[in-house]
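Participant: Each chain is listed here by its residues.
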Amino acid sequence: MPLEAIEEHRTPVPVLSFPRQTVASLLIFAVCWETLSHLSPLLGIPPFAVPSFATIARSMARITPLDVVVTLARVIGALIASFTVGIALAMAMYRSETLDKYLHPMVRILMAVPVVSWILFAVLWFPGVEFRIGFVLVVVCGPVFLVDTLDAMRNVPRELRQMMRSFRPTVLQFFIKLMLPAIVPTIFTSWKVNISLAIRVVTIAELVGAVTGIGHQLSVAQELFSVADVFAWTIVLVALLFLLEAVVARLEARILRWRA
Amino acid sequence: MTEIQKNGPPPIEVRGLRKVFRQATTGQSVVAIDRLDLTIASREVVAIVGQTGCGKSTFFDLMIGLEAPTDGSIRIGGKSPYADFDFFRGHMATVFQQDRLLPWRSALDNAKLPLELIGHSEEEQRERALSWLKRLGLENFTNAYPHELSGGMRQRVAIARAFSVQPQILLADEAFGHLDEVTAAELRETFLSLTRETGATAILITHQLEEAIAVGDRIAVFGQSARLLADIHVAQWPPSEYGTLREAIQWTLQNQRPDPRLAQAPSAAAQSH
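Note that the protein sequences, when read in sequence, are chains U and C. Each residue of the first sequence is one higher than the one before, starting from 0 at the first, in numbering that gives the first Met the number 0. Each residue of the second sequence is one higher than the one before, starting from 0 at the first, in numbering that gives the first Met the number 0.
For reference, chain U alone in the conformation it holds in the complex (with noise of 0.2 Å):
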């Protein structure tokens, strides 16, 4: 079948939405974690390792609404932060191939370093929890959003560009009129990684560093050997990660509806 015949017939799937097919698998792991859990005695494995969904019920209805707070906090803050910073750099750096010569190898090297050596960076230099937490997420997801938004503006068809530059607008308005909603669609990409990794980077950044938010109680569950705790935490943060994308991928619907 030639590749614009499975377009075609791709059916898209809604954001958050609940398919036969996903449905069934749930249905099927959660089968077999339930009978797990029933027969791990027999099998020699604790009981605690495999907890019965009413003993991770039991954990779920202990879920400190305020821990996540923090974590969601922490999440879009720094991805707000990240964004704003990888931007305006990326512009600068379309702009002077100067400073772009100078920043790439810098940035090439930033996303090469190992998170966990960025929180360990971060315990060591700076004594407040939130500016580490902060930091780690945005040395982390910053470079992200500046090399994506780059390549993007650098993909601006050079027909367009011209187009633009023949009506002679100011440096701004050739950003603002052309480039940007250019990106966009691009942009939206970068956030949708971005948050999955934030979400893994800020739990690292807790579980390590903090005393609230989803990371600190995850390290609070292991210290007590709760796995049902863990499930119960864990469940949070996927949730949290499929919210944070619906929001993303309704926004993306809505600004990005005249696409064909």
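Each hint should be verified, as a subset may be incorrect.
Unchecked claim - EDC-like, lysine to aspartate or glutamate: derived pairs with alpha carbons at most 20 Å apart:
(1) 191/U - 158/U
(2) 78/C - 66/C
(3) 176/U - 85/C
(4) 191/U - 244/U
(5) 176/U - 244/U
(6) 191/U - 99/U
(7) 176/U - 123/C
(8) 78/C - 115/C
(9) 78/C - 36/C
(10) 176/U - 12/C
(11) 176/U - 36/C
(12) 176/U - 122/C
(13) 100/U - 150/U
(14) 78/C - 12/C
(15) 133/C - 122/C
To be clear, the hints were calculated from the coordinates, so they are not data collected in a lab.
Got chain U sorted already, so can you dock chain C onto it with the hints?
Facilitator: Structure of chain C alone, referenced to chain U:
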């Protein structure tokens, strides 16, 4: 009100224009335009014809001011489109081969674009863009996105966008070349009548000889490196002789020297040199 607005379009004077590019891969120099002299009077419609690679598009870029000449000059009312780039904001407009509409903007918003750049009030932008879209027969499609319009309609929006600033100088690069014959002829006619009505000076780059003869007051025939092979005043050729004129231009292009038949008209190439 600027000098240009008060006195109408100023003449365009091209003197010793030369543009040399260095090829990125081989490092070799390529002479795209070699010492071109051309004068275009106010409100004149000049068609530039030439074979592919003769420097027409480079000339277009130099006229817009997107490229700096290597040598020589282009002067429009004493100003250079490159050095005095901002001076021509709102005075010069372009129509390209492809419509080059912004896909995220509706027809109306695309037509408004140059007016936004100039800084007209929102109301004036809307009013002027709407009036041009109406004149181009697009009153029922003002809110349509480019992908919802046909090729001809998109090019109409591009023409409305160019005229919306009421430019003194219009530049069109193969503006109708990609359309079917009927649509192209229709749009060409509309473009020409609007140009005459607004009193703009227009330069049309084309590879279609019929189009050049139908539209131009003058036809500048470019040889390789934009060497001016012939400068033809179309009015001096009766319509019954257009077939001969077409053949003579074609011969000129093929042989890279003026066809002797062009010398029969008073404004043939020999006189312009």
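Participant: Next pair to validate is residue 176/U with residue 36/C; report whether the Cα-Cα distance is within 20 Å.
Facilitator: Status violated; Cα separation ~37 Å.
Participant: With the threshold set at 20 Å, check whether the alpha-carbon distance from residue 100/U to residue 150/U stays at or below it.
Facilitator: holds (14 Å)
Participant: Can the restraint linking residue 133/C and residue 122/C be considered satisfied, given a maximum Cα separation of 20 Å?
Facilitator: holds (16 Å)
Participant: Taking 20 Å as the top limit, are the C-alpha atoms of residue 191/U and residue 99/U close enough?
Facilitator: violated (25 Å)
Participant: Is residue 176/U close enough to residue 12/C, meaning Cα to Cα at most 20 Å?
Facilitator: violated (33 Å)
Participant: Is residue 176/U close enough to residue 123/C, meaning Cα to Cα at most 20 Å?
Facilitator: Answer holds: residue 176/U to residue 123/C is near 18 Å, not above 20 Å.
Participant: Holds or violated: are the alpha carbons of residue 176/U and residue 85/C at most 20 Å from each other?
Facilitator: Holds, at roughly 17 Å.
Participant: Against the 20 Å threshold, does the CA-CA distance of residue 78/C and residue 115/C hold or violate the hint?
Facilitator: violated (24 Å)
Participant: Can you confirm whether the C-alpha distance between residue 191/U and residue 158/U stays at or below 20 Å?
Facilitator: violated (29 Å)
Participant: When you check the alpha-carbon spacing of residue 78/C and residue 66/C, does it fall within 20 Å?
Facilitator: holds (15 Å)
Participant: Sort out whether residue 122/C lies within 20 Å of residue 176/U, counting only the CA atoms.
Facilitator: holds (18 Å)
Participant: Is it true that the CA of residue 78/C sits at most 20 Å from the CA of residue 12/C?
Facilitator: holds (10 Å)
Hint compliance for this structure: hints 1, 5, 6, 8, 10 and 11 are not met, and every other hint is.
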